[in-house]
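K.L.:
Okay, here's what each chain looks like letter by letter:
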Amino acid sequence: MIERSPFFDFITYLAMAFGALVVVIPFWITLVAGSQSLQEVSQVPISLLPSSHLFENLAAAWTRGDLGPKLINSFIVAIGVTVGKITLASLSAFAIVFFSFKARMICFWLIFITLMLPLEVRIVPTYSIAANALLPFQVILDTLGITGLVQAVSGVQIALNWNLLNSYTGLILPLVATATGTFLYRQFFMTIPDELVEASKMDGAHPLEFFFDVLLPLSRTNMLALATIMFVSSWNQYLWPLLITTDRANFGTVVMQLKALIPAQNGTPDWNVTMAGALIIMLPPLLVVAFMQRWFVRGLISRDK
Amino acid sequence: MERRAYYRNGWMPWLLLAPQLILVLVFFYWPTTQALYWAFSLEQPWGGGNTWVGFDNFLAIFRDREYWGTVLRSAFYAIVSTGLSMAVALTLAAFVDRSLKGTRIFQSIYVWPYAIAAPAAGVAFRFIFAPESGLIGSVNQIWPGIWDPATNGIHALAMVIVCHAWLGIGYNFIFFLAALQMIPRSISEAGAMDGARPFQRLIDLQLPLIAPTAFFLLIMNLISSFTDSFGLIDVMTEGGPIGQTEVMVYKIYFDGFKGLDYSGAAAQSIVLMLLVIGLTFVQFKWVERRVHYN
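Chains A and B, in that order, are what the protein sequence lines are.
Taking our numbering as reference, the numbering of the first sequence is continuous, increasing by one, and the terminal residue is 305.
Taking our numbering as reference, the numbering of the second sequence is continuous, increasing by one, and the terminal residue is 294.
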């Protein structure tokens, strides 16, 4: 605050309150509608105060959307992506920053170019690869003539096949295969002073000991930030799970269920159940963000600077 | 980025990089290459592999007036939702930056939309904007039929854009606030000494100083409006009424997975890829220049 101006302070509070209203209204409406009965929710204009039917609506949404197993799936996917990404990102950033080898810059660019194209843009071919994730290796073996060679020698034909449709690996792996986390870790590792590496080398520590005993503890803040970002973004995935799971009953995630909760065009307009379901689905990432705010804000910003 | 102290170890960096490189190969480079192949070839209707057709797939989509409609709509969607979201976020960040008492509460509320899945917000907004429900729909009581996103394409598009902009507020706010807080206080104080009012300082001092962040956000928002709109549209309008909210990603999905026209969808994917690459390239150029000036 630079100048003391009660009038301007008043304007500031007014604007901030208005902004908070803009942000909170959708949440509030979701909560209010989710707590009303069918009659109340169909009223025009609707009452903006919560009513007493929240728990029956939650229960109704829970059964209609089959949310129990779907929540478990969502947690498996979100945690899988988060853990996978942190592991891979820290390892590859470690290799790129702390090792000297010829192809280093090539590897760096190979990984970082993936930042450019989000999954949605290459969705059709990525889907086809999911039918057989080992296809690229099969083609490599075929073109190198290894398949033919092995067949001639042993009579066994190499036919690699790994179908990812309707599996957790299929839901998780393509989301792990991007460079966001690697970039974050690289930025952080570059700030580690050379002296620390030298000291660790002088003490005779193995590179992996340096990684586990020095780097990982130092990067705890980073890890929390990345974990928050990855948890939220993988929980909120919609298009990819929609494509890769034809077996919705067993492998569907909660966010995919939102559409099933919307009242049918000519059915009962029971938006109260829909909104109660939306409330359940919104809650986990919202809680994560609310609790981790301090760390993830730092992570988000350092990622792109 | 060269360090003085590093490790030399023949195989270890490769071992560390292998998982990431394999994943990137399988799920990024292979599909992207395949998209290129499909875009330049056509599948035989009776099977028997693809034949090379050159630019025919691209010519086909470029001759399609419906496709151009989709492109224009996507551009409109991207520009309006980006502008709206950034304007709201910047305004909020500028007020929060005054750090009055109690600002922290507002600050943490403004971040919330970042956590919400686009389809979840879509459901909430669909209800808020539903013509038969009692919120925005109430206007129909006074002027019957004035608001109906189910049949009016412009209403439907406006509804989707507002929701997309709302979802972006959290992300944009975080970046704007961080950028504003990085400006040395002394600069604003000097401006105040010279008699510049807060609004004038915002325009003449703060905005130019946070221009790099604003530009970064502009590009990120544009890219996200081109790519992330699928979930929102699928839940809110399914591209309707009569295709009037169909944007590029939605058409790719629809042609590829419902119409099973892989070649057409791949050609569309390539166009979208080039667009995103172009935007990213502009971004890199800008960053390079900024580093140069520093």
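If you're looking for bench data, these hints aren't it; they were derived computationally from the structure.
A portion of the hints provided could be inaccurate.
Just a few of them, taken from the derived set where beta-carbon distance is under 10 angstroms, the chain B residues facing chain A [to be verified]:
hint, residue
1, Phe55
2, Leu59
3, Leu209
Away from chain A, derived, C-beta distances all over 12 angstroms, residues of chain B [to be verified]:
hint, residue
4, Thr51
5, Trp52
6, Gly54
7, Arg63
8, Tyr67
9, Val71
10, Ala75
11, Ile79
12, Ala130
13, Gly243
14, Gln244
Computed from a prediction, not measured in an experiment: that's the story for all the values here.
All C-beta atoms, glycine included, are put in the ideal place defined by N, C-alpha and C.
K.L.:
Against this structure, judge whether each hint is valid.
P.N.:
Each hint, compared with the structure:
no.	hint	in the structure
1	Phe55	19 angstroms, violated
2	Leu59	19 angstroms, violated
3	Leu209	15 angstroms, violated
4	Thr51	18 angstroms, holds
5	Trp52	17 angstroms, holds
6	Gly54	19 angstroms, holds
7	Arg63	21 angstroms, holds
8	Tyr67	16 angstroms, holds
9	Val71	14 angstroms, holds
10	Ala75	16 angstroms, holds
11	Ile79	19 angstroms, holds
12	Ala130	8 angstroms, violated
13	Gly243	18 angstroms, holds
14	Gln244	17 angstroms, holds
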